[in-house]
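Undergrad: Sequence:
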Amino acid sequence: MVAYANRHAFSYVPSAVREQRKERKLLNHLENRGVVARVEPYLCRVCGRRFYNNEKLINHFKQIHEREQAKRLNQIESARGKRRVKLVGDELKRAGYWVRMVSDKPQAADTALRNHIVDMMDKRRVGCVVLVSDDSDFVDVLREAKLRCLKTVVVGDSNDGVLKRTADAGFSWKEVMLGKAKKEGASVVGRWKDRDILKRLEWTYNPEMEKKEYGSDGEVDFEIDDREIIEGAYGKDDNFMQEKDSCAWWELDSDSDLRSSKSH
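Each residue of the sequence shown is one higher than the one before, starting from 1 at the first, in full-length UniProt numbering.
Keep in mind that the hints were calculated from the coordinates and are not lab data. Hints are supplied without guarantee of correctness; some may be wrong.
[What the hints assert, rightly or not] Okay, derived cross-link-like pairs now, EDC-like style, lysine to aspartate or glutamate, Cα gap no bigger than 16 Å in a straight line: (1) K174 <-> E184; (2) K180 <-> E144; (3) K56 <-> E40; (4) K22 <-> E55; (5) K71 <-> D90.
Quick caveat: nothing in here was measured; it's all calculated off a predicted structure.
Given the sequences, and given the hints that come with them, work out the whole structure.
TA: So this is what it looks like as structure tokens:
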């Protein structure tokens, strides 16, 4: 995964996040006093332990997992040469994403991300584009990916945005956090596979291919000697098939000829 941001993104905190932090601080205070009881336990996403108090979960994370992370970072800082390169590479792979800093020019991050996606598509390094954004400016990139027969997934908070309408699949952050996106992922991939199989089974007329297989004019010669078919069915010596050389079998006698033969 790749992300692009300018230097302000590393220090900017949205107002909605600040409000959530205030509400979380008040809720922690009420939980500690026993005024509010948690129905479902808090789950540690690293080790899976459960806590009915949010502050206990935070303390658990700081005392165990944060220390483990600090040890890894100190190990990287103290390393030199090839060992440092290896440790940094392992940490980046473990984290699973890569953030690049761009200039402070308007739309610099959007432009860099669009160029990166197009470059990856040109080099055929991806089969599915997962876009984490609500910015409608990326709709052209999604359309380009679909034209190249790539799968597209959008993750964002805008449920009725143009990105989710354009993409093959879309999820909100709430669905991701609750695990709904992970559960539906298998069925979505299954539908994609079924759709690909059906597309391969569809027959489409290709005149060039028909010309190569059946001749230059693209038409198939199905003409068969009618005499051979009838002779094969009734036999060559059958009187039923005897006819004059001057008259073909399909040239039937007219009504006048029939009446004259009856009068004789």
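Undergrad: State for each hint whether it applies.
TA: Hint check results:
The suggested pairing of K174 with E184 holds, with an alpha-carbon distance near 14 Å, which does not exceed 16 Å. The straight-line distance between the Cα atoms of K180 and E144 is roughly 28 Å, outside the 16 Å bound, and the hint therefore fails. Annotation: proposed proximity of K56 to E40 holds, straight-line Cα distance about 14 Å (limit 16 Å). A threshold of 16 Å between alpha carbons decides the hint, and for K22 with E55 the separation of about 14 Å falls inside it, so the pair holds.
Proposed proximity of K71 and D90 is supported: the alpha carbons are some 14 Å apart, at most 16 Å.
Of the numbered hints stated above, the single one contradicted by the structure is hint 2.
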